[in-house]
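Below are the chains, spelled out letter by letter.
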Amino acid sequence: MPISSLLAIAPLLPASISPGSLTGELIGIAEYAIAIAMVIIVFDYVFGWLERKVVAKIQKRHGPTYAGKYGLLQNMADILKLMSKQHVAPANSDRPMFLATLPAMLALTLFLVMLIPFSPTFSGSSSGFVLLIVLVLVSFMPLVIFMNGFASGNKFSAISAERSVVMLLSYEIPLVLVVATTAALTGSYSLNGIVGAQSQLWYVVLMPIGFVIFFIAMLAELERPPFDMREADSELIAGWLTDVSPPYYMLALFLDYSRMLLGSMLIAILFFGGWNGPVLPPIVWLLIKVFAIAFFIMIVRVTMVRMRIDRLLRFGWLILLPLAFVNLIVTYVLLIG
Amino acid sequence: MNTRINIGPVHPSTHGVLRLVADIDGDTVLNVEPHIGFLHRGVEKLVENRMYMQSPTYMEKLDYAAPMSYDELYVATVEKAMGVEIKERAQWVRVVLLELQRIASHLLWLGTTANDLGQFFTLFMWTMKDRDIILRLLERASGARMFYMNMRIGGLVQDLPPGFGESAQEVLDYLEKRVKKYEAYLERNPVFVGRTRGVGILNREDAISLGVTGPVLRASGVDYDTRKYNAYYVYGKLSFRPQTRSEGDVFARYKVRMLEMGESIRLVREALDRMPDGDAVGMPVRLITPGAKNREARASRETPRGEGIMYMIADPQKPYRLAIRSPTFVNLAALQHIAKDCRMADVFAILGSLDIVMGDADK
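For the protein sequence lines, the chains are A and B, in the order given. Number 209 in our numbering belongs to position 209 of the first sequence; there are no gaps in the numbering. Heads up: take any position in the second sequence, counting from 1, add 337, and you land on our numbering.
There may be inaccurate statements among the hints.
[What the hints assert, rightly or not] Listed below are the simulated DSSO-like cross-link pairs for lysine-lysine, each with C-alpha atoms no more than 27 Å apart in a straight line: (1) B:Lys424 / B:Lys382; (2) A:Lys53 / B:Lys466; (3) B:Lys466 / A:Lys60; (4) B:Lys398 / B:Lys655; (5) B:Lys466 / B:Lys518; (6) B:Lys382 / B:Lys655; (7) B:Lys518 / A:Lys60; (8) B:Lys466 / A:Lys57; (9) A:Lys155 / B:Lys677; (10) B:Lys466 / B:Lys514; (11) B:Lys517 / A:Lys57; (12) B:Lys417 / B:Lys514; (13) B:Lys518 / A:Lys57; (14) A:Lys57 / B:Lys514; (15) A:Lys60 / B:Lys514; (16) B:Lys518 / B:Lys417; (17) B:Lys518 / A:Lys53; (18) B:Lys382 / A:Lys60.
[Claimed, not checked] Which bits of chain B does chain A cover? Going by a derived footprint, with three or more residues having C-beta under 8 Å, they are: (19) 344-350; (20) 444-458; (21) 678-689.
[To be verified] Residues from chain A that keep clear of chain B, each with C-beta distances beyond 12 Å, as calculated: (22) Gly71; (23) Pro120; (24) Ser139; (25) Phe156; (26) Val166; (27) Pro225; (28) Leu255; (29) Val284.
Derived by calculation from the structure, the hints in this document are not laboratory data. A quick note: this is a predicted structure, and the numbers were derived from the prediction, not measured. All C-beta atoms, glycine included, are put in the ideal place defined by N, C-alpha and C.
Could you build all of it, start to finish, from the sequences and the hints given here?
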């Protein structure tokens, strides 16, 4: 099966290249990647603005108001400022590794979002094992952070890198267990299949425990408080980002919100019926759910105190892991049986 | 494997310019050594070259989170040197203002400590807003928002403005509700309780031998409060109880400060009710020539951070020598003792719970 046939959006090809050829397929993939990159940039921008406003509202501030209507252009001003700064890498850093990791993570996130369908007709892959691939790549990210932390040659970053691995140990197994339960309930690792199976009842109703575990694990995955021990500004200054220069810090911010999009999409698809919904077109339903989940994640951010890393490990193994097993067993006995 | 890491003087949670040198093994901190002096201005020496009432401005900048308490401590020292009686009404007004300042300082502490514990500025913004209401009240009483310079020998620069009592009561009602809200919000949060309870324990004996004072000492179960045991002004006449806890951990230090805010609110209410009428304005500045009465004077006050003591040898025009015992300096020295074999994140919880102001430690 040609890869380009997996792309629901037909690639715009010059007449001289036939759609089935290798060149045609590569061009098609590149076009889809560019489209998704644009979508991600728009989301990052809107999330960045929304988070500033939501956080400000809860903290009884106004947030950005000066640049543009409702401060909508403030992020643009900040991007310009960060871009105009000098780029430097610390002298004692492992330069190639230090410079490669952040773009690599952005590319990884882009690839992940490409795999996840926005609607039945707007998706990058119809493979039956998308969820599995996503899971593998998502759990790869903390390792890239680990590499970056050690490559920067800063002690705070090194501590952050160690924490990254400890966090991976604490939440990854419950996360995988919950995803496996979801797939078992559907009988498929395909995201389209999972959404289709939720047309009557959302999985959040069938597996409330599973949802809570997945949400907590996702907060940890996204470095959101109360699990932001990797960045931990009051302890580690900025953790693995301590030594990055302003242009790279901008990339880090983009990465942050791209991962938030990724996490919100996964939660919406796995537990809230994805694009299922009446009247409105599917993609609008998905966006509504994604924004609602992102909104909730922002509220959690401003209200929680940071957890301690050793307590997270204990929490992950003594509470999340047994609960994930309970979720698995209950789902098997009651629903799949 | 041990690593030595340098925290500060430029770091998000060192409350200004504190430098910590920590030996860590993985996530366990073996030893923390505070290094101070980045904000040293030589206040004690500066004072020697100024006339008596030129100095309060330096004193207030020692503790910029509670300037009024140092203003008052310095003026009280000069009053002792002069042997001046403080007017009856001025004593009551001073108690009201000092307790309001204590609430403001503790609110600021609460917000910054929540930040140290990793909250993203939410509690900080809320408490800053509440503190601002008190600052506005103090502005009405003194004319300045932050550095009041409201104390004069024998009294104050000016009496409380008309209507101050009523608006103060309103503010106190509001603050009482807010403090309860903060307590409920934090103590129902399992992460906050987990981060503070049983962390950074300072037991009674160590607290006494390290010489810590203020809420840090009272959280270790010692019932020592200068307002009670060295009762100055009208504290002896007010129904005042020092707030203590016995656990000695970060949570106890938090709780003591929360209880103290409630206690201060009660004190201000009572003082406003029982305040006599009369004159509260102090001596004109040009008449101030101590030396004549007592060559040496010593005053001790319960500042929001602990017991502040000033010792002065007075000459007719200028102080010959002034020595300041600042509470933060002593409390901060206890950090090395408390933060042994704790987690990396706990260092900042403990540091926050000591309520340091580097201007106070560095002088």
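Right, here's what the structure says about each hint:
For a cut-off of 27 Å, the pair hint linking lysine 424 of chain B to lysine 382 of chain B is broken: about 31 Å separates their Cα positions. Using a Cα cut-off of 27 Å, the hinted pair lysine 53 of chain A and lysine 466 of chain B holds, with the two alpha carbons roughly 18 Å apart. This hinted pair checks out: lysine 466 of chain B and lysine 60 of chain A have alpha carbons roughly 9 Å apart, not beyond 27 Å. Straight-line distance between C-alpha atoms of lysine 398 of chain B and lysine 655 of chain B comes to about 20 Å, which keeps the hinted pair within the 27 Å bound.
Of the pairs offered as hints, the one joining lysine 466 of chain B and lysine 518 of chain B holds, with about 14 Å between alpha carbons and a cut-off of 27 Å not exceeded. For the suggested pair lysine 382 of chain B and lysine 655 of chain B, the alpha carbons sit about 11 Å apart, so the restraint of at most 27 Å is met. Taking the CA atoms of lysine 518 of chain B and lysine 60 of chain A, the gap is about 16 Å. The hint holds against a cut of 27 Å. About 14 Å separates the Cα atoms of lysine 466 of chain B and lysine 57 of chain A, which keeps this hinted pair within 27 Å; it holds.
A C-alpha spacing of about 20 Å is found between lysine 155 of chain A and lysine 677 of chain B, which places the hinted pair at or below 27 Å, so the restraint holds. Of the supplied pair hints, the one linking lysine 466 of chain B and lysine 514 of chain B holds, its CA atoms being roughly 14 Å apart against a limit of 27 Å. A threshold of 27 Å between alpha carbons decides the hint, and for lysine 517 of chain B with lysine 57 of chain A the separation of about 22 Å falls inside it, so the pair holds. Between lysine 417 of chain B and lysine 514 of chain B the alpha-carbon distance is near 39 Å, which puts this suggested pair outside the 27 Å criterion.
Using a Cα cut-off of 27 Å, the hinted pair lysine 518 of chain B and lysine 57 of chain A holds, with the two alpha carbons roughly 18 Å apart. Between lysine 57 of chain A and lysine 514 of chain B, the direct Cα distance comes to roughly 21 Å. Compliance with the 27 Å bound is thereby established for this hinted pair. Only pairs whose Cα atoms come within 27 Å are accepted, and lysine 60 of chain A paired with lysine 514 of chain B is accepted, the gap being roughly 17 Å. Taking the CA atoms of lysine 518 of chain B and lysine 417 of chain B, the gap is near 42 Å; set against the 27 Å cutoff, the hint is violated.
Between lysine 518 of chain B and lysine 53 of chain A the alpha-carbon distance is near 24 Å, which keeps this suggested pair within the 27 Å criterion. The hinted pair formed by lysine 382 of chain B and lysine 60 of chain A fails the criterion: a straight-line CA distance of about 43 Å is larger than 27 Å. Beta-carbon proximity to chain A at under 8 Å applies to 3 residues in the region 344-350 of chain B; the threshold of 3 is reached and the given coverage holds. Look at the region 444-458 of chain B against chain A: 8 of its residues bring a Cβ nearer than 8 Å to a Cβ of that chain, three or more, so the hint holds.
Counting residues of the region 678-689 of chain B whose CB falls under 8 Å from any CB of chain A gives 6; the rule of at least 3 is met. Residue placement check: glycine 71 of chain A keeps its beta carbon more than 12 Å from all beta carbons of chain B (closest about 17 Å). Every C-beta of chain B lies more than 12 Å from that of proline 120 of chain A, the closest at about 38 Å, which supports listing it as non-interface. Residue-level check passed: serine 139 of chain A sits 22 Å from the nearest beta carbon of chain B, beyond 12 Å.
Remark: the non-interface label on phenylalanine 156 of chain A conflicts with the geometry, its nearest Cβ contact in chain B lying 7 Å away (cut-off 12 Å). For valine 166 of chain A, the shortest C-beta to C-beta distance to chain B comes to about 8 Å, within the 12 Å cut-off, and the non-interface label is violated. Against the 12 Å criterion, proline 225 of chain A falls within the reach of chain B, whose nearest CB is about 6 Å from its own CB. In this structure leucine 255 of chain A is separated from chain B by more than 12 Å, as the shortest Cβ-Cβ distance comes to about 18 Å.
Taking the minimum C-beta to C-beta distance to chain B, about 31 Å, the non-interface status of valine 284 of chain A holds against the 12 Å cut.
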